[in-house]
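Protein chains in written order, with this note's numbering: chain A, 1 to 113; chain B, 1001 to 1115.
No lab work stands behind these hints, which were simulated from the structure alone.
All figures in this text were calculated on a predicted structure; none of them were measured in a lab.
Note that the Cβ used here is the ideal one computed from N, Cα and C, for glycine as well.
Certain hints may be false.
As the list claims (entries may be wrong) - Covered stretches of chain A (chain B as the covering partner; in silico rule of three or more C-beta atoms under 8 Å from a C-beta of chain B):
| no. | region |
| --- | --- |
| 1 | 9-23 |
| 2 | 80-86 |
| 3 | 104-113 |
Unchecked claim - Think about it this way: if two alpha-carbon atoms lie no more than 25 Å apart in a straight line, the pair counts; the simulated SDA-like pairs of lysine to any residue are:
| no. | chain 1 | residue 1 | chain 2 | residue 2 |
| --- | --- | --- | --- | --- |
| 4 | B | Lys1049 | A | Leu21 |
| 5 | A | Lys57 | B | Lys1069 |
| 6 | B | Lys1049 | A | Asp24 |
| 7 | B | Lys1049 | A | Ser5 |
| 8 | B | Lys1069 | A | Gly3 |
| 9 | B | Lys1049 | A | Leu96 |
| 10 | B | Lys1049 | A | Gly59 |
| 11 | B | Lys1049 | A | His29 |
| 12 | B | Lys1049 | A | Lys11 |
| 13 | B | Lys1049 | A | Glu101 |
| 14 | B | Lys1049 | A | Ser27 |
| 15 | A | Lys11 | B | Pro1079 |
| 16 | B | Lys1049 | A | Gln106 |
| 17 | B | Lys1049 | A | Gly28 |
| 18 | A | Lys11 | B | Asn1041 |
| 19 | B | Lys1049 | A | Glu97 |
| 20 | A | Lys11 | B | Ser1026 |
| 21 | B | Lys1049 | A | Asp18 |
| 22 | A | Lys57 | B | Lys1114 |
| 23 | B | Lys1058 | A | Leu39 |
| 24 | B | Lys1049 | A | Phe45 |
| 25 | A | Lys11 | B | Thr1005 |
| 26 | B | Lys1114 | B | Lys1069 |
| 27 | A | Lys57 | B | Ser1027 |
| 28 | A | Lys57 | B | Gly1043 |
| 29 | B | Lys1069 | A | Glu101 |
| 30 | B | Lys1058 | A | Glu97 |
| 31 | A | Lys57 | B | Pro1040 |
| 32 | B | Lys1049 | A | Gly51 |
| 33 | A | Lys57 | B | Tyr1032 |
| 34 | A | Lys57 | B | Ser1028 |
| 35 | B | Lys1049 | A | Ile26 |
| 36 | B | Lys1058 | A | Asp24 |
| 37 | B | Lys1069 | A | Gly28 |
| 38 | A | Lys57 | B | Lys1058 |
| 39 | A | Lys11 | B | Tyr1039 |
| 40 | B | Lys1114 | A | Gly28 |
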Amino acid sequence: GAGVSQSPSNKVTEKGKDVELRCDPISGHTALYWYRQRLGQGLEFLIYFQGNSAPDKSGLPSDRFSAERTGESVSTLTIQRTQQEDSAVYLCASSLESQGEAFFGQGTRLTVV
Amino acid sequence: AQSVTQLDSQVPVFEEAPVELRCNYSSSVSVYLFWYVQYPNQGLQLLLKYLSGSTLVKGINGFEAEFNKSQTSFHLRKPSVHISDTAEYFCAVSAPSGNTGKLIFGQGTTLQVKP
């Protein structure tokens, strides 16, 4: 597609359940980012994939969070044993490294009840 | 590692007045700098970017920003704001190479334009 696509757009889950969020980047973009945005807050960096390099996982808040990316295509962010504090909008973005500009998806709004 | 500080969490301003949203960054290497805007209940979109060259960068909707390397700043300005400019504005920094290229955002500045 023309832009970054995220699914689902909304997800309500029970505390303790696992969730998987999906991101389809713009075709050809080598870099992919995940961010978390809590209500009224800024963007919290989670993880960054760049080509075939090892991902930068320095922003993942705990070992309940993990992410994978297959080549330069789809990425999934998995949150295990969800907690109420995980409630947020999870944003994905992709970019061509040489240009630096990141294009954002519309996000997945996760609500843990 | 890079970091970004947006000095004002909220900036109230009257319509047609000028505005400046402040951004300072920290980095040990050369950087790319960005301003993004998030309108209410919408996704982020790029306002403008500095990659290299002229330090004065013009973006969409009449916004501009100036890269000041000595002061490590990238302040966003608009000479006359409109009600429709009410939004959250984020400054961001990245370094151009390898795994240091992750994009780091400031905490955001809420611009409130009043009639």
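Out of the numbered hints, which ones does the structure contradict? 1, 2, 4, 5, 8, 12, 15, 20, 21, 22, 23, 25, 26, 31, 36, 37, 38, 40
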